[in-house]
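Next come the chains, spelled out residue by residue.
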Amino acid sequence: AAGVIQSPRHLIKEKRETATLKCYPIPRHDTVYWYQQGPGQDPQFLISFYEKMQSDKGSIPDRFSAQQFSDYHSELNMSSLELGDSALYFCASSFGLAGVAGELFFGEGSRLTVL
Amino acid sequence: ELKVEQNPLFLSMQEGKNYTIYCNYSTTSDRLYWYRQDPGKSLESLFVLLSNGAVKQEGRLMASLDTKARLSTLHITAAVHDLSATYFCAVVGKTSGSRLTFGEGTQLTVNP
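So the sequence lines, in the order shown, correspond to chains W and A. Counting in our numbering, the final residue of the first sequence is number 797, and the numbers go up one at a time with none missing. Counting in our numbering, the final residue of the second sequence is number 124, and the numbers go up one at a time with none missing.
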């Protein structure tokens, strides 16, 4: 079965550079979530989209922006990168905000390293 | 603000033994999830618990939910080495939209 696809899987950037992460949800899923997981930390909610509109916003820095496109894929844009942005970035998708029976599926993650 | 606490945070156990991980949360919840994560890997969904008294079992793992006590448990039966991983519970609060709030995670090591 198709899963949530994230790209790139690994990314190395310098401080002050820009990075873009992409997320392709499971087919027919209309809701996308972004989470950031620092080393040894639990995942922290950044932002979510439902039907191409922002549905919720968490602890996302102002340097970050995101959107969901007409084909439901989503991109997380990160500018003026800082060392502290080094983390695993997960995308998750669901059908509707509550999912089918609450189901929510995570991608493999994109590991960003800022040097 | 919804807070989710797990305990223990670190658990070292022998193969064949039983143990329980606890997940407490601070506000009324719609849904509770249990995930497994291997180092540097994705979050693998184990259970979704949607109602008070819900109990789900898969292999050596069993999860339950008590919404009145705001408590979920993940019980491990006859642990095997392959269960070594970090286990997270995550909660969707009734007033927090659909975002997941995660516990700190329980790092489980099963020793032969």
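No wet-lab data here; the hints were simulated from the structure. Among the hints, erroneous ones may be present.
Straight-line alpha carbon distances no greater than 27 Å define the calculated BS3-like cross-link-like pairs of lysine-lysine that follow [to be verified]:
(1) 53/A x 704/W
(2) 734/W x 29/A
(3) 739/W x 68/A
(4) 15/A x 53/A
(5) 697/W x 15/A
(6) 15/A x 739/W
Only a predicted model underlies this, so the values are computations on that prediction, with no experimental measurement involved.
Hints, verified against the model:
1. Taken as a hint, the residue 53/A and residue 704/W pair is honoured in the structure, with Cα atoms around 17 Å apart against an allowance of 27 Å.
2. In summary, the hint linking residue 734/W to residue 29/A is not supported, as the alpha carbons are separated by about 48 Å, beyond the 27 Å threshold.
3. Of the supplied pair hints, the one linking residue 739/W and residue 68/A is violated, its CA atoms being roughly 31 Å apart against a limit of 27 Å.
4. A threshold of 27 Å between alpha carbons decides the hint, and for residue 15/A with residue 53/A the separation of about 24 Å falls inside it, so the pair holds.
5. Restraint check for residue 697/W and residue 15/A: not satisfied, since their Cα atoms lie roughly 32 Å apart, outside the 27 Å limit.
6. Restraint check for residue 15/A and residue 739/W: satisfied, since their Cα atoms lie roughly 17 Å apart, inside the 27 Å limit.
Violation of the numbered hints given earlier is confined to hints 2, 3 and 5; the remaining hints are satisfied by the structure.
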